[in-house]
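Given chain G, put chains D, A, C and H in place with the hints provided.
Protein chains in written order, with my numbering: chain G, 39 to 186; chain D, 141 to 742; chain A, 69 to 457; chain C, 812 to 1027; chain H, 354 to 536.
Hints in this document: simulated from the structure, not taken from any laboratory. Keep in mind that this is a model prediction, so the values were computed, not measured. A couple of the hints might just be wrong.
Only part of the chain H face toward chain D is listed, based on derived beta-carbon distances under 7 Å [to be verified]:
{"id": "1", "residue": "Lys403"}
{"id": "2", "residue": "Thr454"}
{"id": "3", "residue": "Gly510"}
{"id": "4", "residue": "Arg514"}
{"id": "5", "residue": "Glu517"}
{"id": "6", "residue": "Arg520"}
{"id": "7", "residue": "Tyr522"}
{"id": "8", "residue": "Met523"}
{"id": "9", "residue": "Gln526"}
For every residue, glycine included, the Cβ atom is placed at its ideal position computed from N, Cα and C.
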Amino acid sequence: MNTIDEILDYAIDQEQQAADFYTSLAGRAEKAGMKEVLLEFAEEEKRHKERLLAVKTGEHELTPEQEVLDLKISDYLVEVDESDDISYQDALIIAMKRERAAYELYSDMAEKVPESQLKEVLAGLAKEEAKHKLFFESEYDDRVLVDN
Amino acid sequence: MNLKDLLSPFYVWQRAFEKPYTSMRPIEERPGSPSYRGFHINVADTCVGCGCCHTICQNDAIDMVPVEKYSGNKGDSGLRPRFDYGRCCWCALCVDMCTAGSLRLSNEYIWTSREPADFMFVAGVEEKHWQDNELGYRREKSYHLYPPRRIEMEMLSPDESIEGFDEVVKGYDVEQAKKEADRCIECGMCVATCPAHMDVPDYIKSIRDGDYDEGLRLMYRTNPFPATCGRICTRRCESVCPVGLQGDSIAIRWLKRHIVDQVDAKDYARILNDNIEENGKQVAVIGAGPGGLSAAYYLRKKGYEVSVYEAQDKAGGMLRYGVPGYRLPDSGLDKDINYIVSLGVEIRNNTRIGTDISFESLLNDYDAVFLSTGLSVPSSMRINGEDHPRVLSGLQVLADAASGRDPGIGNKVAVIGGGNVAMDASRVSRRLGADVTILYRRRISDMPADIEEIHEAQEEACTIVTQAIPVEIMDAPDEKQVIIKWGEAEMVQDPKGGRPRPVLQEDRMHEDTYDCIISAIGQGSNLDYLSKEVQEQLAIEWGRFTPGEYQHTSLEKVFVGGDVANRTADAISAIEDGHHAARGIDRFLRPEMYTELDQEIS
Amino acid sequence: MTQLTGHSASLDFSQPEPVDMSSGKYVKLWQGPQHPGITGNMSLELTLDGDEIIECKTHVGYLHRAFEKLMEGRNYIQNFTVVCRIAVPEPAFNEYLYAEGLEQLSGIEAPERAQWIRTLNLEMMRLASFMMWIGGQSGAFGLYTVPNWTIAYRDYVLDLFEEMTGGRIYHMYMVPGGVRFDLPKDFDKRVKEVMDGAEKLLDQVERVMYNNVVFKARSKGLGIITPEMVDPYGIVGPNARASGIKRDLRKDEPYLVYDQLDFDIISGTGADAYERAYLRLQETRQCISLIRQCMDRMPRSGPLQAEMPNVLHWKIPPGETYVKAECTRGEYGYFMVTDGTEYIRRVFVRGPSYTHAIAVMEKLAVGTNIADIAGLMVSLHTYPPEIER
Amino acid sequence: MLKITGADDIPEQEDVLANDGLSEEDRKLFSNARPKKYEPYPIKAIEDFANWARANSLWILGFGTGCCSIELRPLMTSRFDISRFGVAGRPTPRQSSVFVIGGYVSVKTLKRIIRSYEQMQGPKFVVALGSCPANGGMYFDSYNTINRLDLYIPVDMYINGCMPRPEALLHGIMELQNDIKAGSCDGANRYVENFDWYKANQKKIIKNWNMPDYNW
Amino acid sequence: MGNLTSALLERLERDFDITDITERHERLTTFKVTRDHAETLIRELRDREKYTHLNFITCIDYIEDGVFSLVYMLQNYVTHTMLGVHVDIDRDKAEMTSIHTLWAQAWTYQRELREMYGINFPGSPRLHEDFMLEGWDDMPPMRRDFDTAAYSTEHFGHVDRESEEPRQYMKVQFYPNRGGDEE
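Okay, chain G solo, but in the shape it has when bound:
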């Protein structure tokens, strides 16, 4: 993975895999209502993919300098298994953790890469993933951590 296109292709592939993952999980989900939720997650990943495709064709630009809020919710949560009777809380935890892993991957890569343009793309991707993470973390904050 040395060119920008290769990296973008990889990232797009990752998003597609995530979408596939949620779709297959949805196929197995037992709890009522979870199927829709997981399919919605898959849709979300597909939207991410669309964005990256747009980046690749140049219609959309990554913005590495943009500051993204890190709620740090996923950092201290336990790992959960992707079981068939997955709950909404757990599904969100899985999603957050996946986005976090992706974020760390790109930001680590960005650190290692010397070339400036490539570095920028990686950093941009990292930010993109951070945004996705924020999306799920906000969702978790709003729906799970309601404290009633």
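Relative to chain G, chains D, A, C and H alone:
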């Protein structure tokens, strides 16, 4: 006739040398005085559209009209006053009455037109040139047309209250209640805000009139749990009460309780006079909480034979096992439940659907089934070490206390959460002799718990640590203790709007040792008693039902309500769900009674 | 006791025989309701023999707005804005009496400072009303200079009212339980200015109007009210005092803080239009003195309203009362009946003009000249709106 | 201005008025001709001059019908001195061109108002003061006061307030002058054009109609 | 109650069977007397007790009891006290003796009462002329059962305006699916 008299009129000439009375440019020169009662100014953003100005206006000069910009806010009716200057007499009673303090008068007074219908405008919405006038009549601060301050409620002092489970609030006596009831301005915003649409102004009026029988009848029209709601209702009505804008809102909850306190339980049958005409149909209700029993009551009134299935050994659900006795003593709850039972509602305690009897058999045996099983599963924090034996759930602690069991909390307790369950668990722990620290992710103002509950918890010496996020639970050296690791949080504005979000500060971590940790961060539903097929047929979203109109689900004969079907998680919503489901079930089972009515409506 | 009159049985109250119009000797002339003076909308049906009036009938009702009926349908606080409109030139007396009546019936007492402010308000009202009356009286006798002075000067008093109450004519200031808000800053200074000017003006008016040979000639001997007439006809106020009857409710049955003010009952013996006019001039001066006393002796601070229940459902226990006050024309009274509900059962407003303008006018007009009828009407100081309500 | 509805429903009448409130004898005393519409001068300059003259000599009929008329006295005396705008008070309708309706109008007064208004010479204008003539005001539910004056006589200018202060009256009268100068004050013509409609409204509420239909 | 008044009231109680004596405030006492005794009583108060001034005559409509309660307020200028004489008359057959021979202005009050309440005072001058109203053909307007607002709406036509009640409007806004008031 003397000469002096003849000459004296000529004295007028002396005036020719004095300063004339005439003002040269009267219109420009003479503004109204600083307190002049001129044209109306309404700060439409502050106004809540309570309609008091409309009520007080003896000339019928003020109409309340919908203004699109303000519709649908909490505590705002979406209406704004429209003034008809073909009626107004500028007495400014509307200004004196204005609960929000948004209305005043300018000192402008010139308005001419060829068209009488012109003299009509929605102040503050339609632009008028006197809108920014600073002068003009305003209500003097000390002058009120209604008493703005609430009648103090007598309560046990914090020292007394933590001694035991005696009820903290003593309740109004007749004199106090009359005075408090007198403050009501009868705008009806509470009625619209109350999920059950209780006829608040009307039963408050019955207190003023001393007619408690009528008050009880009015309450039972929409709510068969007045004794309960009179103590623990979440009081959305009071939060929108416009009297609270420049004073204290009416103590609607305490007044409701006052009515119930004044009526003896044995008089209920005489007063409410629920004549039941059996209609031969049967309905099963699952869950004897407020939702289930409310449905049972209204169904029974319509003549259905109702059986309520309850897994616990007593009816009441969360009201009995989740609300501690110092807030809602069993006597109050039993007063409500006993009346429902006395109408012939059958409650089968200790009967768990799924184990003792199957859901499918209920579907076969009954004409309709109402599900209101509530939220009974404590949410999990999903942090490391959460399965530590010294981590207890708030619900369990409350249930143990309610049943007289010792929850075994020790002497130093941390409660995690900021809802009513957390407050209840804390105060129960105080009563069991423990020192209590409450850890909450956000600020006190963000707490979903009732503000009075929070204050009372503080008064009872519960320490509240805000912006504290638990990250890990660890074994303590002493196995009867536990260590919690938590980090401080900063509140950060959400870039997409919404409430500020707490962000963990990793450099500011703390570790504290407690005898136990009570987790009270929320509850989820347990729908395991429904088979997978049934679950798939019911519309369920994020663990909750999403019922259609009249609480109907997509499964014929099945209606749902209560916490398991709404997002508000309070008793009054559950009660309304039950009532509404009863309407729905009746429409479903006896459609012939409604065809005419529907035609009328359409 | 000498000023007291017994009830004279010798007076004949019977209505005169209707004039036989068929002879063609007499002319019927309607005066009003469209009126040239300040007599208000009331019409006189005059039967003339040449220019002498031989019969007079009053017709009222042009201003009837059914206040007493309207008040039965409005609650207590709403009525407080209604009552002031009963008599346009003197709304303050209506406000005071209504508030006082309600306070009596409901057992509320207005705080002391509010009582002082009310007294001040009433005296200012009296001053404004007399100012206008003086203009009217001189206008009715053809002197058009004086109205240009007094009615214009009355406007300065109205300016004071505007500052004090927020309204020029209808003040709506005396709420049941007190007054609505405090006096403005430096109010006493402006009151002093206006009072000084008023005093000076009254001196000028006295020279130009009261010493005027025309005024004297036309008003002396016009409309004589004998002391025997006073009680049978229910004549009150300056009209009675000008006949030597020393009666003034402010002194006889003191209300508000009148017992703490220094003044005497002014009376005269002339009993004719000139005497009445002169008496009113003196009372105007008395007003100024009372206003000054009020400003000096009023407590500087203190509460302005008594504690009140929620006015939206204010119920007053059953009862009835009759409250009265000395207005510019005499006894002004409110008879109020409550029945324990949120609405008043019955209000009866007893305006002094009720007798002055009908029974008295019909009697005094007979024998006078058509040219003097307006002057006579004004000299009785009648306000049709308070007859009709 | 009131949108006159239902005026078309009234059938076209003859040129002669019925005068049906009068006794046979009295009928002889009053004209039975219908009122005529005012036609402006064919030459615009002359009409403009006439309007200018009319606007600057407004004579008010001294008939204070309600409480608002109390503010006419300060207006006419030296403080506000309306004479400087060419306005004066006149005692009889025949000499007046402006009818100031001072506030509320009771049914009994309305009858006199109609008589007075019809007796006024053209060009004539009506100014209504306060809330009451516009929509009933304070006395909207009284059995003896009307709610909308323009159902009974046409109104050219409303001045708002309860009561309107002399300054507002002054402003209103100056507005009226502007309207007259512009030639847009056509109340009297409206009365003539919709005569039957106005008459029908008047007769609906005046119980003993013992006067001629048109008081010219 | 001054001694003077209480002695007087005792005497009146004996001679005229007055009932319901109530001291309203220190200067005003009211009592009730039957219709037959009323004129004599009032005449006696005027001529012998110096209640020489008639403040007013008015009427209270007690529709629920079927009576008109006439009130004669008399004033004594010596003691500065007032007596309110109440006389209940039958609402259906509203008739009362006229006192126009006692006070010159009394007939004016009686004319008003005739017009506003429909009470007849036989012999009172000009009783049947219009007083305040002109050509009135409805129920006497001051009677409690006359609805002035309805009369006004019918005859003088209000301009149509619409107003919403916050109570109902908010319900529809916030809970559009729950009309829910059908029981």
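Hints versus structure:
no.: 1; hint: Lys403; verdict: violated, 42 Å
no.: 2; hint: Thr454; verdict: violated, 42 Å
no.: 3; hint: Gly510; verdict: violated, 13 Å
no.: 4; hint: Arg514; verdict: holds, 5 Å
no.: 5; hint: Glu517; verdict: holds, 5 Å
no.: 6; hint: Arg520; verdict: holds, 3 Å
no.: 7; hint: Tyr522; verdict: holds, 6 Å
no.: 8; hint: Met523; verdict: holds, 3 Å
no.: 9; hint: Gln526; verdict: holds, 6 Å
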